[in-house]
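Visitor: Here are the chains, one letter per residue:
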Amino acid sequence: MKSIWEYANPKKFIETSQALLPWVTGLTVVCMVVGLVWGFFFTPDDYRQGSTVKIIYLHVPAALMAINGWFMMLLASLIWLIRRHHVSALAARAAAPIGAVMTIIALATGAIWGQPMWGTWWVWDPRLTSFLILFLFYLGYIALWAAVEDDDTAADLTSILCIVGSVFAVLSRYAVHFWNQGLHQGASVMRAGALAGDTEERVSNVFAAPLFLSMAGFVLFFVALVLLRTQTEIRARRMRALMARERRG
Amino acid sequence: MIALLTRDLKLAVRAGGGFGLGLAFFLILVALVAFGVGPESALLARIAPGILWVGALLACLLSLDRIFALDREDGSLDLLATAPLPMEGIVTVKALAHWITTGLPLVVAAPLLALMLSLPGEGYLWLFLSLLLGTPALSVLGTFGAALTVGLKRGGLLMSLIVLPLYVPTLIFGAEVARRGAGGLSVEVPLLLLAGITCATLALLPFASAAVLRVNLR
Amino acid sequence: MMPELGKYADTVLSAYAVSLLLLVVLAVWSIWRARKMRAELETVEARRKRAQ
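Residue numbers (the numbering used here), protein chains in the order written: chain P, 1 to 249; chain G, 1 to 218; chain Y, 1 to 52.
FYI, nobody ran anything at the bench for these hints, they're computed from the structure.
Don't be surprised by glycine CBs; every beta carbon is placed ideally from N, CA and C.
Honestly, I wouldn't trust all of these hints.
What the hints assert, rightly or not - Taking lysine-lysine and the DSSO-like style, the derived pairs with C-alpha atoms no more than 30 Å apart in a straight line are:
1) Y/K49 - P/K11
2) Y/K49 - Y/K36
3) G/K153 - Y/K7
4) P/K11 - Y/K7
5) G/K10 - G/K153
6) Y/K7 - P/K12
7) Y/K36 - P/K12
As the list claims (entries may be wrong) - Okay, the calculated beta carbon distance ranges per label pair:
8) P/L20 - G/M1: 27 to 33 Å
9) G/L70 - Y/A51: 44 to 50 Å
10) G/L70 - P/T16: 35 to 41 Å
11) G/L185 - Y/L20: 25 to 31 Å
12) P/L21 - Y/A51: 30 to 36 Å
13) Y/A51 - P/K12: 22 to 28 Å
14) P/L75 - G/D78: 29 to 35 Å
15) G/L185 - P/Q49: 31 to 37 Å
As the list claims (entries may be wrong) - The following residues of chain P were derived to be distant from chain Y, with all beta-carbon distances above 12 Å:
16) I14
17) L20
18) T28
19) L81
20) R84
21) R127
22) D150
23) I163
24) S166
25) F178
26) A216
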């Protein structure tokens, strides 16, 4: 019999998350549907960008979750390294593909949006490039998880990679900014929330409410999927342990 | 530590150690780029700093899996781990040996290859300096990647995927120094940033590499 | 009740299509894996119980 953390906690996690999941999923659907439908059907066009402004309801929340997803993985990795809490390592593993997909969505919608606005699908703009690098970090992280067979070794290695990767992702962001100033406008969402003066680049209030709803929807979507996928990872881990025990006889 | 360093250097220089391979790869890469973009020297001169930096980076990458793989195979890595030397020391020496056998020759060869790409006269000094400052960081980062993937059977490709994004800041600032130097602009800011990144990596990353290596040898 | 998207209709619609497709694929894949893993684990645990 191993320590209590080994067994009781994953079980408790599955129970708790199982109870939470329907609520989170329901809220996700409500927020996303209301946010996106409101944004798509009931907001006016921007006077400069025309109807393309509607892409913001996908682009900004996806970008938000691409970064926060990595941040969550970093926290989970730290918890694993300090507390040796298996659920934490598995949660980080579960979050990585979601973060990667969010990064793809942010890049894809960005490219589609950039085409009519900047006249090109892709520019080597700091923000775009940073996201590309972030995507590469996600890929490396996922690949390392897949490549290492022993669970605990994989958790340790990926956690350390996540920490080092975080530092270098931030470094790259500044390096890239130095390298090219870029076309992308600054992050205007937060200024919308701060009710700052009427600067031109501010996301105006007409767009703010559905945007925040959609952002909440993406956050909840991420949470729901992480809960679900962590359950799967816990079961997969238990499965591997059982199989190993069976082989030993 | 010195004994380990000389041992690694000897192993690298001896036939089959792959001492010259990185250099040969660097030369071929430069020739291939020239074939690829055409012989027009104005264009080559413009992209020379970038090509040389990317070439040095790839040549560095190519020799990374040798850092630990051979020692792992013949079991000397396990012996090293039980030696009185701390793991951080081993990792640092390994990175240093890699730099002396791969990074330093690249730094020396780069101005010669730059000649072939008709880099303008002011650029040589800055190219040389930026590579001299940047390649130690490449070696240390590469040691981290090699330590991460040392236990894996087909770790080479995975290691490239992990290590190359880590090279981005060094590449950006290094190539920027060389490019600005060749263009006769002020290089102070990227040069300082490059030096900063190298110093920080040298100081901090051996701890990460050592931790990773300990996990892998568990 | 489609809103008037003007000359950017393709742009907006393709952005929505790509994003929603990716989100749905991710969700379906996760749910499918969760179901599969759950079923597999149940069979293995049942087998172990019988073996004891």
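Visitor: Does each hint fit the structure? Answer for all of them.
Guide: Results for each hint:
| no. | hint | in the structure |
| --- | --- | --- |
| 1 | Y/K49 - P/K11 | holds (18 Å) |
| 2 | Y/K49 - Y/K36 | holds (20 Å) |
| 3 | G/K153 - Y/K7 | violated (54 Å) |
| 4 | P/K11 - Y/K7 | violated (54 Å) |
| 5 | G/K10 - G/K153 | holds (26 Å) |
| 6 | Y/K7 - P/K12 | violated (54 Å) |
| 7 | Y/K36 - P/K12 | holds (21 Å) |
| 8 | P/L20 - G/M1: 27 to 33 Å | violated (53 Å) |
| 9 | G/L70 - Y/A51: 44 to 50 Å | holds (45 Å) |
| 10 | G/L70 - P/T16: 35 to 41 Å | violated (48 Å) |
| 11 | G/L185 - Y/L20: 25 to 31 Å | violated (47 Å) |
| 12 | P/L21 - Y/A51: 30 to 36 Å | holds (32 Å) |
| 13 | Y/A51 - P/K12: 22 to 28 Å | holds (27 Å) |
| 14 | P/L75 - G/D78: 29 to 35 Å | holds (34 Å) |
| 15 | G/L185 - P/Q49: 31 to 37 Å | holds (36 Å) |
| 16 | I14 | violated (10 Å) |
| 17 | L20 | holds (15 Å) |
| 18 | T28 | violated (9 Å) |
| 19 | L81 | holds (26 Å) |
| 20 | R84 | holds (23 Å) |
| 21 | R127 | holds (17 Å) |
| 22 | D150 | holds (19 Å) |
| 23 | I163 | holds (26 Å) |
| 24 | S166 | holds (23 Å) |
| 25 | F178 | holds (30 Å) |
| 26 | A216 | holds (15 Å) |
Of the numbered hints listed earlier, those contradicted by the structure are 3, 4, 6, 8, 10, 11, 16, 18.
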